[in-house]
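Q: Spelled out from the first residue to the last, the chains are:
2 protein chains.
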Amino acid sequence: MKSPIEGLRKEFENRVKLGAMSMLAVNDNMGFNELKALLEVTDGNLSSHLHGLEKAGFIRVSKTFAGRKPQTTYAMTSKGREAFESHLAALEALIRQLK
Amino acid sequence: MKSPIEGLRKEFENRVKLGAMSMLAVNDNMGFNELKALLEVTDGNLSSHLHGLEKAGFIRVSKTFAGRKPQTTYAMTSKGREAFESHLAALEALIRQLK
Numbered sequence: 001m002k003s004p005i006e007g008l009r010k011e012f013e014n015r016v017k018l019g020a021m022s023m024l025a026v027n028d029n030m031g032f033n034e035l036k037a038l039l040e041v042t043d044g045n046l047s048s049h050l051h052g053l054e055k056a057g058f059i060r061v062s063k064t065f066a067g068r069k070p071q072t073t074y075a076m077t078s079k080g081r082e083a084f085e086s087h088l089a090a091l092e093a094l095i096r097q098l099k
Numbered sequence: 001m002k003s004p005i006e007g008l009r010k011e012f013e014n015r016v017k018l019g020a021m022s023m024l025a026v027n028d029n030m031g032f033n034e035l036k037a038l039l040e041v042t043d044g045n046l047s048s049h050l051h052g053l054e055k056a057g058f059i060r061v062s063k064t065f066a067g068r069k070p071q072t073t074y075a076m077t078s079k080g081r082e083a084f085e086s087h088l089a090a091l092e093a094l095i096r097q098l099k
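Taken in order, these protein sequences are the chains called A and B. Position 27 of the first sequence, counting from 1, maps to 27 under the UniProt record's numbering, and the rest follow consecutively. Position 49 of the second sequence, counting from 1, maps to 49 under the UniProt record's numbering, and the rest follow consecutively.
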């Protein structure tokens with residue numbers, strides 16, 4: 001019997017990371033406050049998890065200006081998409097084993 | 001838009017906890033070595049996560065003897081089943097949002 005957790009990635013265990021990646025999977029890029037509002041988490045919590053995802057190369061951070069206001073947006077990298085999709089496939093396989 | 005991580009439970013974030021609960025969801029009870037072999041984890045790693053699940057009231061530990069050999073087995077509690085099923089439902093909802 002195959003291990004039910006084979007293929008699950010430690011980097012996506014945390015719910016905030018899982019939520020951020022799932023948002024960025026279906027949105028080309030998102031701002032910090034957009035992610036924060038949707039995930040209902042604190043600034044500190046979100047920025048530490050986004051930093052972790054960036055360091056792992058799974059998301060890319062862009063700093064731009066909206067008029068004179070600085071704006072930070074996040075987007076999934078192809079490396080991130082590949083890793084996240086394999087994690088989701090492993091989650092789906094685990095859930096299927098329980099049906 | 002509902003938060004994609006609503007309903008996900010911190011107690012089941014960890015892959016070993018997730019794997020142990022999914023094994024105990026489909027097996028009335030399982031021995032330590034059985035869980036260890038299937039999850040492919042170390043003794044220390046497994047026992048710390050099983051202890052966490054026991055403390056949360058999600059699994060029950062039984063100490064019996066097979067002949068003269070002490071045997072530790074684990075089973076899911078009804079509280080554990082309820083919490084785990086709601087976690088799985090939230091995971092399925094998150095994955096569905098991505099399709």
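Honestly, I wouldn't trust all of these hints.
The list treats identical chains as one, so a pair stands whether inside a single copy or across any two.
[Said to hold, decoys possible] Listed below are the simulated SDA-like cross-link pairs for lysine to any residue, each with C-alpha atoms no more than 20 angstroms apart in a straight line:
no., residue 1, residue 2
1, Lys69, Lys99
2, Lys10, Gly31
3, Lys79, Glu11
4, Lys10, Gly52
5, Lys99, Ser78
6, Lys99, Pro70
7, Lys10, Leu46
8, Lys2, Gly57
9, Lys36, Ala83
10, Lys79, Glu34
11, Lys69, Asn29
12, Lys55, Gly31
13, Lys63, Phe32
14, Lys10, Thr72
15, Lys2, Glu34
16, Lys2, Ser78
Think of the hints as simulated: they come from the structure by calculation, not from any bench. None of the values given here were measured: they were computed from a predicted structure.
Q: What hint numbers does the structure not satisfy?
A: 1, 2, 6, 8, 9, 10, 14 and 16
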